[in-house]
Every structure is written in structure tokens, then in C-alpha cells.
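**Q** Start from the sequences and build out the full structure, keeping to the hints where you can.
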Amino acid sequence: MTYALEIKDLKKVYAGGVEALRGIDLKVEEGDFYALLGPNGAGKSTTIGIVTSLVNKTSGKVNVFGYDMDTQLMQAKLQIGLVPQEFNFSPFETVQQIVVNQAGYYGVSRKEALKRSEKYLKQSDLWEKRNVQAQMLSGGMKRRLMISRALMHEPRLLILDEPTAGVDIELRREMWTFLKELNENGTTIILTTHYLEEAEMLCRNIGIIQKGQLIEDTSMKSLLAKLQYETIILDIEPSGRTPVIKGYTSELMDDGSLSVEVARDQGINEVFNQLTEQGIKVLSMRNKSNRLEELFLKLTEETA
Amino acid sequence: MFKLYLTALKGLSVKETNRYLRIWIQTLVPPVITTSLYFIIFGNLIGKRIGEMDGFSYMEFIVPGLIMMSVITSSYSNVSSSFFSQKFQKNIEELLVAPVPTHIIIWGFVIGGIGRSVLVGILVTIISLFFVPLQVHSWSMVILTFLMTAILFSLAGLLNGIFAKSFDDVSIVPTFILQPLTYLGGVFFAISMLPPFWQVISQFNPIVYMISGFRFGILGVIDVPILFSILISITFIVVLYVINWYLIEKGRGLRS
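Chains E and F supply the protein sequences, listed in that same order.
Reminder that position 80 of the first sequence reads as 80 in this note's numbering, one-by-one numbering, no gaps.
Reminder that position 69 of the second sequence reads as 1069 in this note's numbering, one-by-one numbering, no gaps.
In case anyone wonders, no lab produced these hints; they're calculated from the structure.
A few of these clues could be false.
Stated by the list, open to error - Computed cross-link-like contacts, DSBU-like style, restricted to lysine-lysine with a CA-CA straight-line distance of at most 30 Å: (1) K122/E with K1090/F; (2) K115/E with K1003/F; (3) K111/E with K1010/F; (4) K61/E with K11/E; (5) K1250/F with K61/E; (6) K1250/F with K129/E.
Unchecked claim - Here chain F is said to cover these stretches of chain E; the calculated rule only asks that three of the stretch's residues, wherever they fall, bring their Cβ under 8 Å from a Cβ of chain F: (7) 53-62; (8) 75-81; (9) 104-111.
Claimed, not checked - Short derived list, chain F residues pointing at chain E, Cβ under 7 Å: (10) L1004; (11) T1007; (12) K1015; (13) K1090; (14) A1098; (15) G1220.
None of the values given here were measured: they were computed from a predicted structure.
For glycine and all other residues, C-beta sits at the position ideal for the given N, C-alpha and C.
**A** Following this line, the structure appears as C-alpha cells:
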């Protein structure tokens, strides 16, 4: 089977001796929507940097759609579109110049590039801004510009490094819809993000990097199935008493909020029963954190 | 892949051309003003007192040198500042992630340097027409030395851009090395006028050969044998090209 991305025993030691990657093995299937998670400095950006030729590897193999990056670098590069974490376009060029120039580097003729620029800039709601210098755009627009730029050569593998960092909620949701559509139309997507809700919403498979090693590489469903406990917060009517819930670990956070750990097989009916018996009124209920976030913290703490 | 590379080269050249045209006040106007002042002060005012040089009026003598000086400065600073700016703003990554071979990257920047040099060279030549009539001894020599000089100093500027870590690094070389070498390279005088010791020292200054070759193309007089002048330029071009290629290929200052 040909994978969109296949990484074998990838290692990277930086000039100062910092061991960023300690032998990563990773396979991303064609058509997948894959999340690469990890705390800051875990090695996510180094991995992406090596795959996109921005970082020199120390050893290991990287294949993109079967093209070996050591021997078929140009063919491999043609398959990839990158949306980097930091803005890296010329602030003095216009929006359209940026996307058309980038397409040219991938062999797309100027005529075709102009046609595609209309399609992708309209899609990202930037067409009206096509003649505006990039430095004049808002943060959200700049992010969308980088996505449009990465799509101009119609890559089979789109890599997004923290694409929604600093983007407001409304725009973030618009981008999710757009990325979902793109994936449904056949583009393989690899995403790194700090918003774990984003990974849970979008991705089918997930890899977690910690200290230069891949500590999880599985489907989102099976990863979430590993979550044994969920912490819920109950907003209760202040009564001056500390509720006691037998069989559960609970903690009164303040007079109006009660934190309760609920095991997968316990259910929450019993919690309500016991609180009702004690005459405590529950006003509302919410998750303490996103499920994936809870699991992510647990996994990274275990390997820390 | 050849068609792809050609499109990439065209794209990069257009980008580079747009860059210096967009900031024409910084890139095209200053050399025109500087050389105009040279023409007025050295050529017109002081030159009248100097008299003839190699059988030509002093104004006629300095025209080829001043054109070459503007070509050297323009090609060098165009590529060094453009490459460093792209490194600084990180938009060099647009090229590094794309299937653009190192040869195309080098030539894209060099074409930008040549383009700006040609424009500046033409503007300076037009200014010179206000002072002396245009004369050309050998068009082929004029074009050959012009192009070789623009390529050579574009490559030198690229090398500067690769090593530069700050904007200071981009201005140090032109100020402390390039400008003295240009002034001592025979823009305002014939090398044969120098004392024997300094004539020997001048042989290590590559700019001497370029100005001499170009002056031969315009006036038909030479300081050094013409073939030697061409060979020296070609040698410098090849050496600089190989060094640039090696450094970009290895990702010097570009990839961690």
C-alpha cells in the first residue's frame, strides 16, 4: 500500500546537540485527516520541517506518496502543500502576487495560476483583497492567505502547522468546514494544533509526540475509548454544606461548583440521586475540559 | 520537469523584477543621482583641468568606469538585500518547500540583479549623453563585459545574502570592500598611471579587469589584455557559482 506519508526511524539532532527526534515511525494513509499533537518542543514542527524540506534530518527515511525524499525530492515536494505556523510571505506583495508566484514555483503557468487564484481566493473570501499588500491584512486573513497559497498547486497532501492559532471562533469554524470539504474531496490532511477540540472535530487518526518519540498512533475513536474517567463540573445552589457522593471522587471547588470524576461504567444518574437526597439543587452541568484534552494531559504526564 | 523548472525560473525572475521596480526610488534613482554628480563634478568641473587621458577627454574616459560602477553596485546590492530580506521575512521558505532546484534559485536572483543593472546602466548612459556623445568601439565587448560583471556581482551579492545574519551584514561588504575596490579599480584613472607597486597590487582587484574590458568596448583602450580580463571574470563567476550552489544545497543559514 502506498501511504501519503511514511516516516521510518526519523532522527534529528540539532547543531547544539539537542535531540529533537529520537526515531519516529509514522504512516498516514491516503485520504486521511491526521492530527499530530504534542506539547511545545515535543518535535512536531521538526517532523513537519523535515517532511517539507525546511529542516535537514540527521537520519531516517521519508516517503511522500511513494516518492523517496532522498532520491525523488522534486516529485515528493510536488505532492505537498504547507501552511506554516508563522506568516512567511512577503508583506509588500499583493495577495494575488503571492499566490500566483507560489504556483509558478510548482510549474503552474501564469495563465492557469491567475485562474486558480480566483478560485482559491474567492473560497477563502480574499478575492476582494487581491490587490492589497499582504501586510494590510488582518491576522485571520493572513492565515487564510497561507491556506490559499498552499492549495494553488493542488497538492495531494496538505500539512497545516497550527492553522487556527490566533483565529477567532467564528473564523475557526469556517476553516474547519473548509478543511473537511477539502478532505472529503480527496486531499490528505495532516494537522498540528493546540486546540484539541479541533483535532477531535476534524481528524480520524491521531499521533501524539512527546520528547521526540511517537507515544500514540491510533484512530481518534480508539484513543478516546482509552479515557477511563471524565471530570464533570456541577453548578449547584450554594448551601454552605459540602456534598458527599459515595462511590465517586468529588471536590467542592467553591460554594457553587462541585467537581466529580465519573468512570466510564458508572454513569451519572447516581450522582444526581445522591445530591437530591441531600437536598442539593443542581443548576447546570459541564465537562471540566475537552475529552481529548483530558486524555492528552494524562498521556503526556505519564511519559514526562 | 524541464518545463516546470522553466516556469519556476520565470516566476522567480518576475518576482525579483517586480521587487526592484516596486521600490524604484530606492533601487533606480540613487545610482542615477550619484553618477550625475560624478559627471558634473569630476567630469565637467575638475576634468577640464586634468586634460586628456589615454587620448580621450577626461569626461569620455570616466564614462565607461561610471557605468561599470553603477552596474557593480546595483547587481550586488539587489541580490544581497533581496535574498537577505527573504531570509529575514522567512518567505525564502516559499522556494525551499517548492520543487525548485538550487540552480533555478541562483539564476532567479541573478536575473533580478542583471535586470536592475541593465536598467541602471541604460539610465546612467542616458545621463552621460548630456556631457559626451555615445561612442562604442565594440558592441560585443560592451555586452559581454556588462553581462559578466552583472552576473559576477549578483553572485557575490548572493553569497553575502547567504551569510548575512543582520541588515548590517548586508551593508558592511559594499561599504568596506566593494566601494574601495571600485574606486581603486580604475573608474577615475588608468591603472598605468599608478606607481609600479600599486599596479602589481591592482592585479588582485577583479574590478580592474571588468572596468578595463568595458572601457575597451567603449573607447578601444585597455589597461590589461582583453582575453585575460575575460578569463579572470569567468573564473570568478564559476568559483562564486559553485560556492553559492554548495551553500544553498546544504541549507547554510536556510535550514536548521
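**Q** Which of the listed hints are broken here?
**A** Of the numbered hints, 6 and 15 do not hold.
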